[in-house]
Amino acid sequence: MMLRWWLSISTLLSSLTIVLVLGFLLQSSWPLIQQQGIAFIIGTEWYPFESLFGMLPALIGTIWAVALALLIALPCGVAAAILCAELLPKPLRGSVRFGMELMAGVPSVVYGLLGMWLLLPLLESQLNLLTGRTLLAAGLLLALMILPTIMVLSEDAIRAVQQSQREAAKNLGIGWDATLWRVLLPQAWPGIRVATLLATGRAMGETVAVMLVVGSIDRIPEPFYNFLQPAQTLTSRIGREMVEASVGSLHWAALLFCGLMLAVVAMGIALLSDRRRMVI
Amino acid sequence: MSLLPIQHRDALSKGMVLLFALPALLIPTTVLCYIFWQAMPVLSLSFVFGSADGIGFGVTEGVFPQLVGSLLLAVMACLIAIPFALATALYHRTYATPRQQRWLNTLFTMLQGIPPIVFGLCGLVVLVNLFAWGVSLLSGAVVLAVVVLPLLVLNTLATLERIPLAYSEAGSALGLGKGAIIWRLWLPRCWLQLLTGLLLAMARALSETAPLMFTATVFSGVVWPDSIFSPVTTLQTHIFYLAQEGNDPLVISIAWGSAAVLVLLVASFGLLARLLQKLGAH
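From first to last, the protein sequence lines stand for chains P and C. This note's numbering applies: residue 1 is where the first sequence begins, and numbers increase by one. This note's numbering applies: residue 281 is where the second sequence begins, and numbers increase by one.
Hints are supplied without guarantee of correctness; some may be wrong.
[Claimed, not checked] Residues of chain C clear of chain P, computed beta-carbon distances all greater than 10 angstroms: (1) Val322; (2) Pro395; (3) Val398; (4) Gly414; (5) Ala453.
[As the list claims (entries may be wrong)] Between beta-carbon pairs, the in silico distance windows are: (6) P:Leu12 to C:Glu441: 19 to 29 angstroms; (7) C:Ala412 to P:Ser95: 50 to 60 angstroms; (8) P:Ala160 to C:Arg469: 22 to 32 angstroms; (9) C:Ser452 to P:Leu13: 24 to 34 angstroms; (10) P:Arg219 to C:Trp471: 53 to 63 angstroms; (11) P:Ala67 to C:Ser452: 31 to 41 angstroms; (12) C:Ser324 to P:Leu118: 19 to 29 angstroms; (13) P:Glu244 to C:Leu456: 58 to 68 angstroms.
Calculated from the structure, these hints are not laboratory results. Note that beta-carbon positions come from the ideal geometry of N, C-alpha and C, so glycine has one too.
Chain P extracted, bound-state conformation:
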């Protein structure tokens, strides 16, 4: 009986964290919603000192950075997974995977350091930019960070395709490329999709590395597809401005609202990846 009580209460408490987190975020950002409605989400001007809290620049920055990262990391990561699962000899495969798991553990602040002191100078000199702090830099850095996730999970998915399927394809006389496109990838697709969703969530919520390279300028790129301009993401805004905002001010509320948006979208993505996993 004692055991049951102890387990139930602890479970209840740990389940409540998510409710508490969302509740406190909503409660602390409430003053802003009360005063300005909800329209500031699509506002384009972010000037905290004039009480203008348009979220659109940071939203577009976030979407851009994540999209760039996925665009780079997805083909490379899946190709590496195919290489590892199908083409490499076994001992080599183990060491590649081991290296990837190591990379997955590298703290994000180390990527930030790399971004600032390796990637930015490289971009500046190669692309002839005034400043390397651009959406491209953020996208490249994020791509490097989510690559291990995509690769390790995709490799698991490809490896999970049954050997008999590969043998059947061989017996039918279809070549390696047809086997890859018609047998392996379709069957591994649910796993690759989950990998992509998880990577998206991670890229969206990454803070330290992004805020060091993205430039932190609250402006929608001109024109909006120009990723060679400095920009702002939701996380980099929180990271930069939270220290400056005074407790309880509208600015503070707006930053907490950024956090709330991040949390809600991330929870949605996590739910999506989970739902998919159950269906498979």
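Put chain C on the given structure of chain P with help from the hints.
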């Protein structure tokens, strides 16, 4: 495509795969080597175990206080999270109805998806300001505990799920209560895997920076925390602050050194976890 003979097509697609895969394999390796190459000049025993006495704003030699701060926060976070995680996973496997089990799965998957910085924000609002704990070791540890909680719960669950049902059924048939089944059957069988999960959680806690920025750390002025309400310095935030002090090459090389130490620290926890996993598999 179909005009090509099949061997050529195979070679072509294998070539394409290799072409795309090469950057994915080479760039991470290069990057890892680059970190250690840059860190070479400053890495030494006195760098790791020396302390700067707080005079040079943490930029002079020695990152021992930061190292200790990181470890202290990670250990405290895990100590706070373990009882809750263990109880939640055990409840899931013993008393929960299927409906509750589904809810718990969903809840913790969502919690794991939430970016750490959001927990940092909440910690700032609730712990630092509302509870008036201030920027302190305790605030940081609680925030980190929430960050690693879903990881611990899900890992523990995965471990418990691998215990064959026959085990627990044989236990109940012998008249053992739930408590006895947990203590006598489950824990002796899977403590190694549970330890693996714990080490992974430690590695995760050691690599988080964003949640600590507002809740636990200061750049300088503190060498050793004297109570749980005193702020600390950590390796993660140390690197973060040093990276932005761009004028002095020495400072940057110290940042690289700290990064190398942090990578080694996290990797050693990961390696240990892997080793235990192998041990547990046999």
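Evaluated hints:
No beta-carbon of chain P comes within 10 angstroms of the beta-carbon of Val322 (chain C); the shortest separation is about 14 angstroms. Annotated as non-interface, Pro395 (chain C) brings its C-beta within 10 angstroms of a C-beta of chain P; the closest such distance is 2 angstroms. Separation of Val398 (chain C) from chain P is inadequate, the least Cβ-Cβ distance of about 5 angstroms not exceeding the 10 angstroms criterion. The non-interface label for Gly414 (chain C) is consistent with chain P: the shortest C-beta to C-beta separation is roughly 12 angstroms, beyond 10 angstroms.
Against chain P, the non-interface label of Ala453 (chain C) holds: every CB pair exceeds 10 angstroms, the least being about 20 angstroms. Checked against the hint of 19 to 29 angstroms, the C-beta distance between Leu12 (chain P) and Glu441 (chain C) comes to roughly 22 angstroms, which is consistent with it. Distance hint check: the CB atoms of Ala412 (chain C) and Ser95 (chain P) are about 51 angstroms apart, consistent with the given range 50 to 60 angstroms. Separated by about 26 angstroms at the C-beta atoms, Ala160 (chain P) and Arg469 (chain C) satisfy the suggested range of 22 to 32 angstroms.
Distance hint for Ser452 (chain C) and Leu13 (chain P): a CB-CB separation of about 28 angstroms, consistent with the stated range 24 to 34 angstroms. Taking the beta carbon of each, Arg219 (chain P) and Trp471 (chain C) are about 54 angstroms apart, inside 53 to 63 angstroms as hinted. Separation of Ala67 (chain P) from Ser452 (chain C) is about 53 angstroms and departs from the stated range, judged on CB atoms against 31 to 41 angstroms. Taking 19 to 29 angstroms as the suggested C-beta distance range, the pair Ser324 (chain C) and Leu118 (chain P) conforms, at roughly 23 angstroms.
A beta carbon spacing of about 59 angstroms between Glu244 (chain P) and Leu456 (chain C) agrees with the range 58 to 68 angstroms that was offered as a hint.
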